[in-house]
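What follows is each chain in one-letter form.
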Amino acid sequence: MTNSALALTTSGAGTLRKHPLVECYAPIVTIVLALIAIWYVAAVLMNLSLVRDGFEREETPYTISDLVAGTMSAERPLLPAPHQVIGAFVDSVFGYAPTAPRSLVYHSAVTLSATLLGFVLGALLGIGLALMIVHSRVLEKSLLPWIICSQMVPILALAPIFIVVLGAIGLQGLLPKSIISAYLCFFPITIGMVKGFTAPDPMQLDLMRTWSATPRQVLSKLRWPSAVPYLFASLKVAVTISLIGAIVAELPTGAEAGIGARLLAGSYSGQTVQIWAALLAAAILASGLIGLVDLTERVVARQMGTWS
Amino acid sequence: MGLRIPKALKQDNPGVTLRRDVRESFVASTGPTGMNNPADARAESTASAQRLAVDVCNVSLTFETADGKVDALSNVSLQIADGEFVSFIGPSGCGKTTMLRVIADLQQPTAGTVLVNGMSAEQARLDRGYGYVFQAPALFPWRTIEKNLKLPLEIMGFSDNEQKKRAARYLALVNLTGFERKFPWQLSGGMQQRVSIARALSFDPAMLLMDEPFGALDEIVRDHLNEQLLQLWDKTGKTVLFVTHSIPEAVFLSTKIVVMSPRPGRIIDIINCNFPRHRTLEIRETPEFQKIAQRVRVGLRAGHSYDE
Numbered sequence: 035m036t037n038s039a040l041a042l043t044t045s046g047a048g049t050l051r052k053h054p055l056v057e058c059y060a061p062i063v064t065i066v067l068a069l070i071a072i073w074y075v076a077a078v079l080m081n082l083s084l085v086r087d088g089f090e091r092e093e094t095p096y097t098i099s100d101l102v103a104g105t106m107s108a109e110r111p112l113l114p115a116p117h118q119v120i121g122a123f124v125d126s127v128f129g130y131a132p133t134a135p136r137s138l139v140y141h142s143a144v145t146l147s148a149t150l151l152g153f154v155l156g157a158l159l160g161i162g163l164a165l166m167i168v169h170s171r172v173l174e175k176s177l178l179p180w181i182i183c184s185q186m187v188p189i190l191a192l193a194p195i196f197i198v199v200l201g202a203i204g205l206q207g208l209l210p211k212s213i214i215s216a217y218l219c220f221f222p223i224t225i226g227m228v229k230g231f232t233a234p235d236p237m238q239l240d241l242m243r244t245w246s247a248t249p250r251q252v253l254s255k256l257r258w259p260s261a262v263p264y265l266f267a268s269l270k271v272a273v274t275i276s277l278i279g280a281i282v283a284e285l286p287t288g289a290e291a292g293i294g295a296r297l298l299a300g301s302y303s304g305q306t307v308q309i310w311a312a313l314l315a316a317a318i319l320a321s322g323l324i325g326l327v328d329l330t331e332r333v334v335a336r337q338m339g340t341w342s
Numbered sequence: 012m013g014l015r016i017p018k019a020l021k022q023d024n025p026g027v028t029l030r031r032d033v034r035e036s037f038v039a040s041t042g043p044t045g046m047n048n049p050a051d052a053r054a055e056s057t058a059s060a061q062r063l064a065v066d067v068c069n070v071s072l073t074f075e076t077a078d079g080k081v082d083a084l085s086n087v088s089l090q091i092a093d094g095e096f097v098s099f100i101g102p103s104g105c106g107k108t109t110m111l112r113v114i115a116d117l118q119q120p121t122a123g124t125v126l127v128n129g130m131s132a133e134q135a136r137l138d139r140g141y142g143y144v145f146q147a148p149a150l151f152p153w154r155t156i157e158k159n160l161k162l163p164l165e166i167m168g169f170s171d172n173e174q175k176k177r178a179a180r181y182l183a184l185v186n187l188t189g190f191e192r193k194f195p196w197q198l199s200g201g202m203q204q205r206v207s208i209a210r211a212l213s214f215d216p217a218m219l220l221m222d223e224p225f226g227a228l229d230e231i232v233r234d235h236l237n238e239q240l241l242q243l244w245d246k247t248g249k250t251v252l253f254v255t256h257s258i259p260e261a262v263f264l265s266t267k268i269v270v271m272s273p274r275p276g277r278i279i280d281i282i283n284c285n286f287p288r289h290r291t292l293e294i295r296e297t298p299e300f301q302k303i304a305q306r307v308r309v310g311l312r313a314g315h316s317y318d319e
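Line order of the protein sequences matches chains A and B. To get this note's numbering, take the position in the first sequence, counting from 1, and add 34. To get this note's numbering, take the position in the second sequence, counting from 1, and add 11.
Keep in mind that the hints were calculated from the coordinates and are not lab data. Any given hint could be a false lead.
Within a straight-line C-alpha distance of at most 20 Å, the following computed SDA-like cross-link-like pairs (lysine to any residue) qualify [claimed, not checked]:
1. B:Lys158 <-> A:Arg336
2. B:Lys158 <-> A:Met237
3. B:Lys158 <-> A:Ala335
4. A:Lys229 <-> B:Pro152
5. A:Lys255 <-> B:Thr155
6. B:Lys158 <-> A:Arg250
7. B:Lys175 <-> B:Asn186
8. A:Lys255 <-> B:Gly168
9. B:Lys158 <-> A:Gly339
10. B:Lys158 <-> A:Met338
11. A:Lys255 <-> B:Ser170
12. B:Lys158 <-> A:Thr248
13. A:Lys255 <-> B:Met167
14. B:Lys80 <-> B:Gly123
15. B:Lys193 <-> A:Gly339
16. A:Lys255 <-> B:Phe194
17. A:Lys255 <-> B:Glu157
18. B:Lys158 <-> A:Ser260
To spell it out: a stretch of chain B is covered by chain A in this simulated footprint if at least three of its residues, at any positions, have a beta carbon under 8 Å from a beta carbon of chain A; those stretches are [what the hints assert, rightly or not]:
19. 148 to 161
20. 164 to 178
Incomplete in silico selection of chain B near chain A, CB under 7 Å [to be verified]:
21. Ala115
22. Leu117
23. Leu137
24. Phe145
25. Phe194
All values derive from a computational prediction rather than experimental measurement. Quick reminder that beta carbons are idealized off the backbone N, C-alpha and C, glycines included.
Next comes chain B alone, as it looks inside the complex (with noise of 0.2 Å):
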């Protein structure tokens, strides 16, 4: 936090512009390998290991529950670059959100090793390396829309004059401006998640893990919010990862989607997916786009044969 900080404060872009850099020449290097061949995945990141945004390694989570023991995660191994946009999408219970919460150490793992930013995931929380967006948006009923943009400034201790600007700036990157002294009941469900995504970046973390976070919206606003996320990432250069159940969704905002299987919920596909960075809805209509959507539907539905 210490570092983090004070290079956010004098940014007026070059750390982000820097980081983005860092972020392509990486993707370039490894995306014809992908995750494909995990031995040379594993090289590569031993090679580079302060550019892995996250590595999994040998990951199993198993839950105690009334009826016996679950297996959330078995023995899950991944690894995201910098700058990364990941989509992980599965059925129900296949481990996706254990999997971003076990990253954002929401939850420990039983076994194996989580590395954010180099660093053990309970470091890279205390170090405030991610914001953290929910299925819900979450946000604090007796606060003003302002003064839940501030509420995490306020926790890590952000100066009054900091707290007001960046308030001001990350509403305007969600189109926000002008709902500040509104209370969360005043807006709707899409403004309410777009809050929620403002307040996950108003620290300027350098990775944002969405929990389905469109999942409760309509089609046409979902849709409307693809877009700007998509823009907001191409803005700000941070690594994604993101939940989803919708495969045009994850096939659309990703640079990998990572499709998971349940009982016990492990990865059984990895899809490289190398869209123009500025892409339009349309893309959905191309070729391309749609044999990416027939791998991944192939692959969840491999995942749900060998459930039965």
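Extracted from the complex, chain A is given alone in its bound form (with noise of 0.2 Å):
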């Protein structure tokens, strides 16, 4: 099946080849052909002796493709074949009301919602330390050895620190888990803004002065949109990692909902295609995360003059 896609994408008609969707879309379709072909091997490799076990169990005679239709149809494999994943996920997605609990989109939601908001008060906070930042040498010295240190450790030791001290103080559901994903992401802002205010030019500065601008003018017409594209290569850093702070937030909290608690629920009870289905909710999520920033990027960059 693999061979017969590859071999359409790579040796059809001259003029087929020359299509602009072809030319634009061969190689990354040819990748990913490679890696489901890698993916059914590997899967083949690592259910064999589970399958086999299970045959000679029951004590049924089997060949060699018997063998191999059983890796393919495990109930809980080792490593669950690619249409298997699909066929789970598409289930979870369509096969159920969008509020239902076995719906994936519905756990998405829940795990999106909280992502969001770490995201907005994690790049609020990165974006006003980074401002403290370039603006005080003495809250530089101050500052930076802790937001350094505050990313040193590991957010599975502190998420269930977290969410009690927050739990005890009244807060539940969505806000700790977004301070925790706000705690993940705003570290690449800090570092990126910190970076941009500082990146005009020594004459552009001066200039400002020849002008006796104030240090807020200075700030909104130059420090900031100097700093637009370390803005947005630091946001799709911290948008991603905003959706692992999400997600692993819901880890230690025995959450009931999230993709988080989809991971969870998958690991206690065996179940390799439920995972590796969220797995694949979370794939999609973080890409049309970027996605969007990456969009707003470029609809900024064209007001610039297509400036980046």
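Using the supplied hints, reconstruct the complex from the two chains, each of which is provided in its own coordinate frame.
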């Protein structure tokens, strides 16, 4: 199946090969097909002993093709085959009402809301810290070590503490998850924006001085626009990190909803297919979020003279 | 600023003509005395302190660097009358740029006093008494040409209407009408530098400080811009302080040439240069021109041999 698909993209008719769509997507499609092929091979190899043990336990005669077919459709495989994952994904996305607890749409929405809130909080915190660091040497010296330390503590260790402490003061549900997510994602934004706010060239800063610009004017008319490329670069990193933060925050709390909860439930019951389907949902969410940041960047860059 | 802007607002040229008259009478009275007799010049300056655009008195500036102290300026004194075109020439490291930066209050002298338009350098900067043109155009890449021109006006709080009028007027002055909506990267280096000159003029400062503005341009563009600058000076009657490496450029443009020498940075000669106001590039072939150029060359060489 893979071979015939490959042949179609690479050795099709000459006109087809020159088609812009083909030229644009052929490399990506090739890579994806290659990965899927590797995945199938790995699935066969990894699940082989499991399936063979099954046959031997039931003492039924089996052939090689029975074995291979078994690896493709095992109920709790070590590595589910791609079509199993996609089947489970499609089933849990479209098979239930979006609000049903078995629907991946529902779980994704729960995680997405925590991610977005965490991302916004993290971005505000990150930019605020960067502004403070850029404007005061004292703050730079006192804040920066703490900011760096904050990222050296594993979030898996911190998350339960956060949840317990925040729960003790009455915060539950969305907000604690968002705070953990913000805690993770502010860091690249701070680092990027410190770089961005100090990006203007000395001549431009001197010019502002010759015009007796106030610090606020220097910020709004020079430092902010100079920082825009850095802002989007760090936002792209931050948005994926905030998704990871939201998922990680769901793990130690025994959350009942969210992609993290799906992962946890799947691992408790050995439902590898369910875990992989949840991972697929997380990957799709992450690329969607990055795509959104990318789109915003393009719109902004166009307004700033295609400068980026 | 409070004084200057209303004058500029109602100006359709009377302010400029008036200033030019003042200059001519003043230059006529000091011209012959020149700076060759410091005692006379000092007396002159105290008598008519109001008319001095720049009065630098015993200024020294020492930089602390990793390799020890560097005397960028050593006991420098200089008076510049309103409306003059003064060139600073000398080898690299002779302090000509530092001199300009001290006058612009971009750098503070370690000793001595600087008066600009009769006030301290800082006061003159806050008063927006000068426009500064750097070696590179230093345009803001995310702003269109028109918006670049409007930037100092925005900062200084001109009305929208006035900003628009001035942007159009000064773009016309540097022959760039029609480029309003272009972004800086769409213009050649020479055009960009013309925009930066228009930007420096846009808020109608009494003085123009130019730090090797044409240094990065090729000879032909440079000649052309020299002629344009001369016309501009003639039209607007501003005091111009002009740093350059080029002897012909200095002699062609100036009413006064200040020859400087490095280590420590000091003035070794001040040459008056009284070519007619309307001059063309052809005067470079005249014996008078050659004579002054020769004197500048001798001065520069003397400064160098002092070093060895």
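* Asked: Can the restraint linking Lys158 (chain B) and Arg336 (chain A) be considered satisfied, given a maximum Cα separation of 20 Å?
  -> Distance of about 16 Å is within 20 Å: holds.
* Asked: CA of Lys158 (chain B) to CA of Gly339 (chain A), is that 20 Å or under?
  -> Given pair Lys158 (chain B), Gly339 (chain A) holds - Cα atoms ~12 Å apart, limit 20 Å.
* Asked: Hey, Lys255 (chain A) versus Ser170 (chain B), does the alpha-carbon distance stay inside 20 Å?
  -> 17 Å, holds
* Hinted pair Lys158 (chain B) and Ala335 (chain A), Cα distance within 20 Å -> 16 Å, holds
* Does the structure keep Lys255 (chain A) and Glu157 (chain B) at a Cα separation of 20 Å or less? -> With a Cα-Cα distance of about 15 Å, the restraint between Lys255 (chain A) and Glu157 (chain B) holds, given a limit of 20 Å.
* Cut-off 7 Å, beta-carbon criterion: hint that Phe145 (chain B) touches chain A -> 5 Å, holds
* Asked: Under the criterion that the straight-line Cα-Cα distance not exceed 20 Å, is the pair Lys255 (chain A), Phe194 (chain B) satisfied?
  -> Holds, because 16 Å separates the two Cα atoms, which is no more than 20 Å.
* Regarding the pair Lys255 (chain A) and Met167 (chain B), is the alpha-carbon distance no greater than 20 Å? -> The hint holds at about 13 Å.
* To do: With a cut-off of 7 Å on the beta carbons, see whether Leu117 (chain B) makes it to chain A.
  => 6 Å, holds
* To do: Tell me if chain A covers the segment 164 to 178 of chain B under the three-residue, 8 Å CB rule, please?
  => holds (count 3)
* Verify the proposed pairing of Lys229 (chain A) with Pro152 (chain B), using a straight-line Cα cut of 20 Å. => 18 Å, holds
* Asked: Do the alpha carbons of Lys158 (chain B) and Arg250 (chain A) lie within 20 Å of each other, as the hint requires?
  -> Status holds; Cα separation ~19 Å.
The structure agrees with every numbered hint stated previously.
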